[in-house]
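Sequence order for the protein chains is A and B. The numbering of the first sequence is the working numbering, which starts it at 195 and goes up by one. The numbering of the second sequence is the working numbering, which starts it at 303 and goes up by one.
Heads up, some of the hints might be wrong.
Stated by the list, open to error - So, partial list: chain A residues that the calculated Cβ filter (under 8 Å) puts toward chain B:
1) Q209
2) Y215
3) L217
4) E224
5) S225
6) M226
7) N238
8) P501
9) L502
10) E506
Stated by the list, open to error - Calculated from the model, a selection of chain A residues having no Cβ within reach of chain B, i.e. all distances over 10 Å:
11) V211
12) K212
13) S232
14) G235
15) G274
16) N290
17) Q498
18) P503
To be verified - Cross-link-like lysine-lysine pairs, in silico, PhoX-like; alpha carbons within 25 Å at most:
19) B:K743 <-> B:K358
20) A:K581 <-> B:K420
21) B:K693 <-> B:K358
22) B:K461 <-> B:K686
23) B:K624 <-> B:K693
24) B:K740 <-> A:K247
25) A:K568 <-> B:K741
26) B:K421 <-> B:K461
27) B:K364 <-> B:K741
28) A:K610 <-> A:K528
29) B:K364 <-> A:K578
30) A:K247 <-> B:K384
31) B:K364 <-> A:K212
32) A:K568 <-> A:K620
33) B:K686 <-> A:K212
34) A:K581 <-> B:K421
35) B:K694 <-> A:K212
36) B:K516 <-> B:K461
37) A:K620 <-> A:K382
38) B:K740 <-> B:K694
39) A:K575 <-> B:K421
40) A:K568 <-> B:K348
The hints are simulated quantities; they were obtained by calculation from the structure and are not laboratory data. Cβ atoms here follow ideal geometry from the backbone N, Cα and C, with glycine treated the same way.
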Amino acid sequence: MANNLYSDAYDWTNQCVKCGYCLPACPTYESMGVESASPRGRINLVKMAAEGKIDFQKDLAEPIDLCLGCRACETACPVGVPYGHILEAAKEAIENSPSTIQKNKMNKIKKLALVHLFPYPKRMNRIGSAVQFYQKTGLSKLIRSLNVLQKVSPALAHLEQALPAIETSSKRIRTGTIMPAKGETKLKVAFFAGCIMDSMMSRINRLTIELLTLAGCEVILPENQNCCGALHSHQGETKQAKALAKRNIQAFMQSDADVIVNNAGGCGASLLEYGHLLADDHEWAGAARAFSEKSKDISQILHQLGPLPFTEEWQGIVSYQDSCHLRNVQKVQKEPRLLLQSIPGVSYVEMEGFDRCCASGGIYNLLHFDESMKILDEKMKNLKDTKATTVVTVNPGCQMQMSIGIQREGAANQIKSMHLVEILAKACGLD
Amino acid sequence: MEKEALDDLRQVIPDDRMFLDLAERYCYSYDASFGEYLPEIVIQPKNAKEISEVIKLANTHKIPVYPRGSGTSLSGGPLPVKGGMVLDMTLLRDKLIIDRENMLAIVSPGVITANIHKKAEEAGLFYPPDPSSSNVATIGGNLLENSSGPKGLKYGTTKEYVIGMEVVTPTGEIIRTGGKTVKNVTGYDLTRLIVGSEGTLGIVTEAIIRLIPKPQSKQTFVAHFNHLIDSGHAITSILSSGILPSALELMDNACIRAVESYRPSGLPLQAEAILIIEIDGHPLAIEEEINKCADICTAEGASYVKIAETEEERQTIWSARKSVSPAITQMGPTKISEDATVPRSQIPAMMERLNTIREKYGLNLVVFGHAGDGNLHPNIITDKRNITEMKKVELAVSEIFEAAIELGGTLSGEHGIGTLKSPYMEMELGITGVNMMKKIKEAWDPNNILNPGKIFPDKGQTRVVLVT
Ligand SMILES: Cc1cc2nc3c(=O)[nH]c(=O)nc-3n(C[C@H](O)[C@H](O)[C@H](O)COP(=O)(O)OP(=O)(O)OC[C@H]3O[C@@H](n4cnc5c(N)ncnc54)[C@H](O)[C@@H]3O)c2cc1C
Ligand code: SF4
Ligand code: SF4
C-alpha cells in the first residue's frame, strides 16, 4: 500500500506535535465541531491509516473528503507541518487503495470532469460558448423562473446563478498572441490563462491583459498551455496533474518572459508547487523549480509596477475576501489590499474573518453543499457588518461563492462580488 | 462497549453526538503529550444535566469517563488510558458573560481562554492567567490543570481567579462550590480542591472567575548575559529590590541557538542566557521601574540591555521567546517537555544540575521558562524511534525531578501530573501524603469512574516509561 509518496506523508505526519494551534484556524472544525474535521485529527488519521490501524476507504476517505484544502492550518502551524502535501498524498492513497465500499455517484461525475474536461482547453471553450448561448437566449431566465435546477440539485442551481455573464468568443484573446506594453516596456510577462478562467471568465482574462499592458508589461500568451492541474491534485489524480504540469512548463519555458502571471489564487498556488510536484522527476525537477520561481499573482505585478493610471472615482465601501491559496500558499496578503486602497474614492473596510475560507474550495461547494453553505452563511454575516457594497476576491471560485452567498442573503441589490481585476479595470477606464 | 450500556446511553444522548466508529474514536485518542489510547466511545454532551445522567450510567455499568477540553495537555490528562468513554466538553461553550459591576466572568467550560481575555479587555478588565496555549485550550482544561504562563509571577495561577463552579460529581450529582463573592470561608474550599485536580474529582460545567482592572500600560526589555550565573543573580536582585515584574522569562544558550537557526533575528550566540522582563502598571511608575531593572542587570554583568521603545520593538523581543517551542521541534521529532519548578533563589543551582544531566547522558536538552517564579521548562529533543536514546531520556527525566525536589521545588509548575509524572508523586509528597490524596479520591469516586490511571501511580511503577 504505502507507495513512496505516502511514506513521505507518513514522515510528515510524525512532525505534528499535536499542539492544536491549527484548530482555531480551521473552518470545518469550527462548523462541524468534531476533532475528525480538524487538521490535527486529519493528520493523525492519515498516520493511523499508514500504520494500518484504520482503513483508507472506510475510515479515512470521509474526513479527508470534508477538508476544504484551504491550508489555513498550515499557516497557523508553529512547526511547519506540510499539511497540503499530506492531504494530497492521502487523497492519492485513498484513490488507489482497494475499494471496500461503493464509491458514490458524485465521484463518477467528478472523475468525468477531471479526466475529460478540464485538461482540454477546446472542450472548456465549447462549454463557455454553450453557457454564453444559454445566457444570451434567455434560456437561463426561463430555467430560473421555473426553478427546475433547484429541484434537481440546489448546488448546481446556486452555481448557475452565480455564473458571470460570458463574453462572446470574438473578444477572447487567442493564445500565441503578443500584446505590446502601452508606453515604455518595464517587464515581459507570460500570462497563464487557466481553464475555467479562460472559458467562463474570459472577460476577466482580457481585462487582466489590458491592465498589464497599461502598467508597462509586454504580455505573451503562450500556445499549448492548459489547465494547471490543481483540481486533479486535490482529488488525488496526481498522475494527471503531473502530465498537465509538464505541458505547461514546456509551453511557458519557451517564451523568454521574466514572470509568469496568473489571476486565480488556486491556479497560482498550483503553479507555485510544480517544483514540489515534480521534485522526484529527474528530467523535469529543475525546469519545474524554475517555473515555480517565476510564477506570480497579478496583484504582485500590478503593485510592483504601480501606481496604476486611474481615471474614475469609485463610490462606496469595498471589502476583501482572501483567497486561501493566495493567502496561505502563495503568502500574498498585502498587495491586493494596497491596490484596492489606491483606487480613488474607495473606502476600504476589513471584514472580520477575512482569512477564513469561504468554503468554495475548488468544487467543495458542489460535493458538500450543506457543509459549504453553513460556512458561507457565517461569512456573509461578517460581510454585512462591514456595510460594504463591493466584495473583492482574486479567484474565480471565491468570487462565485461570494455571489452565491450574497444571493442567499437576498442582498444582490446592495452588494456586488467582483474580481480584483474587474474593479481595477473599471477604475482605469477599461471595460 | 456492551449493548446494554449503549442502549442506556442512547436514551440520554442523541446519535449525532455519540461516536462509535473507529476514525472518530482515534481522533480522541491523543493529547499534546505522549501515548495513544483508543476510547470505546466518544460523547459530546451539551449541558450539565446530560453529563449528570451519563455519569450515573457510567457508574452503573462501570465505564471509565475521561473529560477532555481541547486536548492540549502536556501530561496526558485527557488520555483514555483504561478505554471507556471520552467526554468531549468543547460543545459547552454558549456562556461567556462579563459582569462588570462585580468584576466577574461566568463561563461555560468549553470556552476558549483567549475569548475570555478578549471579552474582558473589551470591558476594560483583565483575566491574567495566560498559558501559551490560550488560543486553543479551553477554560475548563485550564481550570483542571491550574494553568498559567509568564504572568504567573505577578498575578498567580488560574486557581487565584476561580471563585465558584458548577460541578458534576463522580457519582453524577450536580453541585455548586464557592460563589460570586471574592471572600468566602463557608466550609471546606471545594473550589480549590477541584481546580488542578486534572479531571479526577468532578466535571466542571460552569465557572465564575474573578477579573481585575486592566493595567494601564506596560514596558519590556531584554538583557543578554555571558554567564548564566549572573542572570540568576539579576533575577534575585530585581525581585528583592521591591519590583514585581509582570513577566520574567529566561532562555538558555541552547534555546538561543535553536531560535537563531530557526528564524535568525540577531540573538547573541555566545550568550549563556537571555532575560526578558516586562513591567506593567501606571506609566510613570513603570518608567522608573524599568530603568531600575535595566540598571540592576547591567550591574550584575549583562553584556547588553535594550528597553523597547515602540510596540514593534516590544513584539520583536517577545517573538524570540515565542519561537522557542517551534524552534526546538525542528531539532528532532520527539519533544519531552518538562516543567520542574524550584524556589527562585535556586534557579542557578537548578541550571547547574540540568547542565550536569545534559552532559552525563549526552542529550539534546534545552532550558527556558518563567524564571521569575522558578518554573523552568527543561526540554529534551529526541526521536522516539531511537530506543537506546529513549532509555537514557527516561533516566534523565527521573534525575530532573530528583533535582527539583532536592532543591525544595515541585514536579510540576503548570502542566500537571497526568500519566507522565505519577511515578514520582511519592518522592515529593511521601507515602502518607499520597495516601491522603488517594483517600479523597476514593471518597468522591467510589467506583473509580472519573479519569482513572492519572496522578496516582500504578502498583510498582517507579519511573516514567516512555518506550517499551
Ligand atoms: C504548545 C503548548 C503550550 C502550552 N503552554 C502552556 C503554558 O504556558 N502554561 C500551562 O499551564 N500549560 C500550557 N500547556 C498545557 C495545556 O495547554 C494546558 O494544560 C491546558 O490547560 C489544557 O487545556 P485543554 O482544554 O486542552 O484541556 P485538555 O488537555 O483536554 O484536558 C486537560 C485536563 O483537564 C481535564 N478536563 C478538561 N475539561 C474538563 C472539564 N470541563 N471538567 C473536568 N475536567 C476537565 C481533562 O480530563 C484533563 O485532565 C501548553 C500546551 C501546549 C500544547
Ligand atoms: S499546529 Fe501543526 S503541530 Fe500543532 S497540531 Fe496542528 S499540524 Fe500538528
Ligand atoms: S486545509 Fe482548511 S479545512 Fe482542511 S484541515 Fe486545513 S484549515 Fe481545515
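Against the structure, the hints come out as follows:
no., hint, in the structure
1, Q209, "holds (6 Å)"
2, Y215, "holds (6 Å)"
3, L217, "holds (5 Å)"
4, E224, "violated (11 Å)"
5, S225, "violated (13 Å)"
6, M226, "violated (11 Å)"
7, N238, "holds (6 Å)"
8, P501, "violated (26 Å)"
9, L502, "violated (30 Å)"
10, E506, "violated (37 Å)"
11, V211, "violated (6 Å)"
12, K212, "violated (5 Å)"
13, S232, "violated (8 Å)"
14, G235, "violated (4 Å)"
15, G274, "violated (8 Å)"
16, N290, "holds (19 Å)"
17, Q498, "holds (25 Å)"
18, P503, "holds (34 Å)"
19, B:K743 <-> B:K358, "holds (17 Å)"
20, A:K581 <-> B:K420, "holds (24 Å)"
21, B:K693 <-> B:K358, "violated (42 Å)"
22, B:K461 <-> B:K686, "violated (35 Å)"
23, B:K624 <-> B:K693, "violated (30 Å)"
24, B:K740 <-> A:K247, "violated (36 Å)"
25, A:K568 <-> B:K741, "violated (49 Å)"
26, B:K421 <-> B:K461, "holds (20 Å)"
27, B:K364 <-> B:K741, "holds (20 Å)"
28, A:K610 <-> A:K528, "holds (22 Å)"
29, B:K364 <-> A:K578, "violated (51 Å)"
30, A:K247 <-> B:K384, "holds (19 Å)"
31, B:K364 <-> A:K212, "violated (30 Å)"
32, A:K568 <-> A:K620, "violated (33 Å)"
33, B:K686 <-> A:K212, "holds (15 Å)"
34, A:K581 <-> B:K421, "holds (24 Å)"
35, B:K694 <-> A:K212, "holds (24 Å)"
36, B:K516 <-> B:K461, "holds (19 Å)"
37, A:K620 <-> A:K382, "holds (24 Å)"
38, B:K740 <-> B:K694, "violated (31 Å)"
39, A:K575 <-> B:K421, "holds (20 Å)"
40, A:K568 <-> B:K348, "holds (20 Å)"
Figure legend: structure checked against the earlier numbered hints; hints not met, in rising order: 4, 5, 6, 8, 9, 10, 11, 12, 13, 14, 15, 21, 22, 23, 24, 25, 29, 31, 32, 38.
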